[in-house]
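Novice: Chain by chain, the residues run as shown.
Protein chains: 2
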Amino acid sequence: MLSFRHQASAPRATLDDLETPCALVDLDRLSANLDAMASYTVVHGLALRPHVKTHKSPRIAAEQMRLGAAGLTCATPRELEVMSEVSGDLLLAYPAIGSARVKRVMELPREVRVSVGLDSMIAIDELAAGARAADRDVDVLIEVDLGMHRVGVQSAEEALALAMHVRASAPLRFAGVMFYPGHIREHVSEHHGKLTQLASDVQHLIRVLRDAGLPPRVVSGGSTPLAWRIHEVPGVTEVRPGTYVYNDRTTAEIGSCSWDDIAFTVLGTVVSTAVPGQAVVDCGAKALGREPMRGVAGEGFGALFDRPEVVVARMSEEHGILDLSNTDWRPRVGDRVRIVPNHVCIVVHLNDVIHGVRGNQVETTWPVSARGRQP
Amino acid sequence: MLSFRHQASAPRATLDDLETPCALVDLDRLSANLDAMASYTVVHGLALRPHVKTHKSPRIAAEQMRLGAAGLTCATPRELEVMSEVSGDLLLAYPAIGSARVKRVMELPREVRVSVGLDSMIAIDELAAGARAADRDVDVLIEVDLGMHRVGVQSAEEALALAMHVRASAPLRFAGVMFYPGHIREHVSEHHGKLTQLASDVQHLIRVLRDAGLPPRVVSGGSTPLAWRIHEVPGVTEVRPGTYVYNDRTTAEIGSCSWDDIAFTVLGTVVSTAVPGQAVVDCGAKALGREPMRGVAGEGFGALFDRPEVVVARMSEEHGILDLSNTDWRPRVGDRVRIVPNHVCIVVHLNDVIHGVRGNQVETTWPVSARGRQP
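Protein sequence lines correspond, in order, to chains A and B. Sequential numbering of the first sequence, starting at 26, is according to the working numbering. Sequential numbering of the second sequence, starting at 26, is according to the working numbering.
Each hint can be trusted.
For identical chains, the list gives no copy identity; a pair is met inside one copy or between any two copies.
Derived DMTMM-like pairs: lysine to aspartate or glutamate, alpha-carbon spacing no greater than 25 Å straight-line:
(1) Lys128 to Asp41
(2) Lys128 to Asp164
(3) Lys128 to Asp42
(4) Lys128 to Glu44
(5) Lys128 to Glu110
(6) Lys128 to Glu106
(7) Lys128 to Asp360
(8) Lys128 to Glu388
(9) Lys128 to Asp160
(10) Lys128 to Asp150
(11) Lys219 to Glu182
Source of the hints: derived by calculation from the structure; they are not laboratory data. Owing to the predicted nature of the structure, the values given are computational and were not obtained by experimental measurement.
Can you make the complete structure from the sequences, with help from the hints?
Specialist: If you want it as structure tokens, here you go:
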């Protein structure tokens, strides 16, 4: 297993040798981010089951496991297949709807313990049929909506009804509940108090299930924005943060990390300064995504790492327009910049490889093995 | 060369056999779209140099060439490399800034005639140095900003200065000018009159260059939104539409095509109906992109092909939230939908393969060979 701290170094390339646009990860910051979350969860007695959607790379997943993660969280069959090589305990935090999806889950190596999160009777029936055909135990977590309003049942009573249906659907096993508190940015003042409500809702949910004889073994919650506060919600047993490995402009702006904790940037080149007041870089929507800031105000689609006041104000597919109105900096064609994207998970999905760097040195390059959909 | 009209059929899969999310192209509509643009350009005596960014697939590029295209337009070295197998006349409509980019241009097969669009002295000098080292002729188009305010010199006089510098920088050859009128949606009422201004600007540009003894052989303009009107701009010799092959929600809404001309959809599955008033499909930002409507109002990030009143109102990476407030339709978990994305070029970039369909039949599957950045 590869540690990012002590890597053998081959003859080294520098950032100047890289073709742009490309994705960079600062290896020291990555290590620090991995350590910090591992420590937080140990201190608070929480199981850490990182969501791999952010990095989609077995190399980083293996490092997360080495640092004590209980298992990994995945969103797609592809992520499960790739991650089955580095962890024996995988959660598909996504309903396995559709025969192809169920089949790919059932075909994972048999030594891998698989859990699935879901929120409907249909999802239970499809999964149970697949599990019976494959003669395979599958743990089920009932997904509950605690304010995100994306997926999840709307009440503890609905959760109980699904839990009872799981119990009656061997070889499925009721393991517990999960929720995704992605609507809460506790560090943002308007969100104060939401954590208290969440704690109350979680307590109620656990009580209803316990009173019915179905106490949840697993209560899985926690995103990167809430990672450092989720221990304030009694009963939570597990967290599933993803973004913390790399961080991004949003996690910094909402206060979940500092700007200096951002490990991921997109390296770009200024390709045009012909239009006054702006500079054009080769990082457009196909390199940076077009993600807004989430849960906090913020202009543009990314900001310069070294000059956060300069944002990517507009975009085409292969063009990013840097707004120069808040800076005296006047770049020349050919200058290179490092851009912090608003939302790193999307950017990783746009790249086939990631370059691991320390300062100006490129130490390693790894594939984003779990991107895409194909087996 | 493969014609999409007369394809040998293997034992056929149907849409039900496909795993979601995935990208579908209706082969009959694709053929009709390819034919329509080929006819338009023939009728008006315009050279057709389609931009491959939309499809990134040599199979479709070959069909464009078979139907009379003069050559192809590319945005990246990867696109040039892949398309050099199907066309001997390629335009890089992007400044070749950076030694790696120049090198990849120069290493294209020598029988391929290469043109590059650019807007700075630095770009000319870098390209000239590369061309001299490779002993390779390269045609240059000066990019002019005629209202898009993205790249391009700001006046005819600046264009002339660059053209003169090209002439003095053998083996570069001054071939003409290019512009991208992506700011004009002539079918949208607020944009009426912009075409008249464009025609006047193009006339002035040609006159300034001609008077200086540098008449442009190529005057390259024209996007999909303007494709059907660009013949009204005297002097234009060539068009570079991309989106017309597939079309999307934006091209339909601005009136460049009808809804029935949309060839591209994303096939998705309803995975949750737990939250009232909405249904969740497995097409989030990683499957659909997060593109706004461009140049016209329109809510959401895509709309159902069969029910355009149902839009993808919100998104996470793997979740798309269908707003059910404008419909009586109440989908069940497991139902399948076809979504028309706002901006198809971005969606193609998110996929590794495309499925060619006729009705419910999957006739063929092809790779998006020119996606990504690697050689």
